[in-house]
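The whole structure should be built from the sequences, with the hints applied where relevant.
Protein chains in written order, with full-length UniProt numbering: chain A, 1 to 135; chain B, 1 to 135; chain C, 1 to 135; chain D, 1 to 135.
I should point out that these hints are in silico values taken from the structure, not numbers from a laboratory.
No incorrect hints appear here.
Listing some non-contacts, in silico: residues in chain D with all C-beta distances to chain B over 10 Å:
#, residue
1, 3
2, 6
3, 9
4, 25
5, 81
6, 90
7, 105
8, 121
9, 131
10, 134
11, 135
Reference listing, derived: stretches of chain B covered by chain A, where coverage requires no fewer than 3 residues with Cβ under 8 Å from a Cβ of chain A:
#, region
12, 29–39
13, 63–74
14, 101–113
Glycine included, each C-beta is placed from N, C-alpha and C at the ideal position.
Protein chains: 4
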Amino acid sequence: MLQTRELFDSLASRADHLDNQTLATAADALSACELAVTACAVGMLAEKEADELRAAINRDLNCADVACATRRVLTRGTDADHALLAAQLEACVMACEHSHELCAQHAPQHEHCRLCSEATDRAATACREVLRSLG
Amino acid sequence: MLQTRELFDSLASRADHLDNQTLATAADALSACELAVTACAVGMLAEKEADELRAAINRDLNCADVACATRRVLTRGTDADHALLAAQLEACVMACEHSHELCAQHAPQHEHCRLCSEATDRAATACREVLRSLG
Amino acid sequence: MLQTRELFDSLASRADHLDNQTLATAADALSACELAVTACAVGMLAEKEADELRAAINRDLNCADVACATRRVLTRGTDADHALLAAQLEACVMACEHSHELCAQHAPQHEHCRLCSEATDRAATACREVLRSLG
Amino acid sequence: MLQTRELFDSLASRADHLDNQTLATAADALSACELAVTACAVGMLAEKEADELRAAINRDLNCADVACATRRVLTRGTDADHALLAAQLEACVMACEHSHELCAQHAPQHEHCRLCSEATDRAATACREVLRSLG
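In structure tokens, the structure reads:
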């Protein structure tokens, strides 16, 4: 969204040399991802085969918490604390991939799994993009 | 965003009678708000007059945490647990208003405060809209 | 814990007149509560009758997020922003009570529900104590 | 605390072979750490030299969010999802170390920094202990 890019541009004092568009895209993708996995977890819990979806629900819950922490660290990035941002992004890529792996299997049956598997995929891609720009 | 509305539509089992567009608008406004107050807090902390901005920084930090919890409770709403959602929305409206009150004063000087004061205003409005639909 | 009380005592600038022991007790009770509901949710999800426990799982997940936000607002209390703290505590008492209501029913069958129902009860009591001292 | 150990013991279905005492110690250390860095951030913000403490405040805020996500992933550990837990613990050790590094320098002047530097040190140690047991 335009507003997120403007927000990163307004933090003029940022000591780092990261591209604001890359950061804004990642922040928005992480917000959408957190929302999607939270909704998908509650959606799977409401399905008749909740027992079979157990692992996928746990992965979604983990992904929501990791995505939230990652988005905040990424947003605060003024500290030029790139090592922490990189470590948190690595964990987040993994959380997104693990969530995606199971929800993609259930995508044909459940619309919330399809939307969730897309959102986690986009978030993982956006995090990898920031990792690449961290060098 | 379109995706958020689709996500709420995919949770077919929702026992409540809330309008999905109202919920989706609020969820997106809360995500944007959490991002804006987190960025604005770090922006104000980097300003020369951080001492004067102290109260505004604390209000932004509180707003981020309250908005995050509110968005999750709102997203999970299958439980028809309207009383909790209403109480959490009331707290969130207040957190947004308190944050808005101080950042609006600093909006002429700081672009991040201007963006933040808009985001908290939109989030408060969206939360009030959900409260109204809860009846 | 002793350390939590010391921590509140170290924030000498607190503008409010709240009793630090009451705040420290609430902060610790909220931490224990967040841990217990998170563990109990995953415990119930692993039970054979996860379908029946669905509502209790959702209540535990909501309680974890609300307790986390409440503990942070309470810890930051320097702003003398009592109205927000009160509103957030009201929502938290409700989240704890709702979680307790269902887990107490499952306490005879599941040890994690017994521990969880105790933790939510203590957290609700501690939040009410802070609310009382807010006057 | 005794209760945390009992809680981990009650999750009988845990598929992993991690020692519950190690996990319980880490969960409690992360709760205490999240509380300490949140309190210390607000304490530093209230100090006259808030400008100089800027970097330390940002590190504390990051540490709070990373510690929270880590404690939740660790608590949910039923999924035998050790790779994610390890990645998140690595990020958390770094967040605790970075926070500790600056607060330890301010410990002689500020009691909240002393308590915070102890809490982040204990949390980093406890996370490393879990990492070691993950093998």
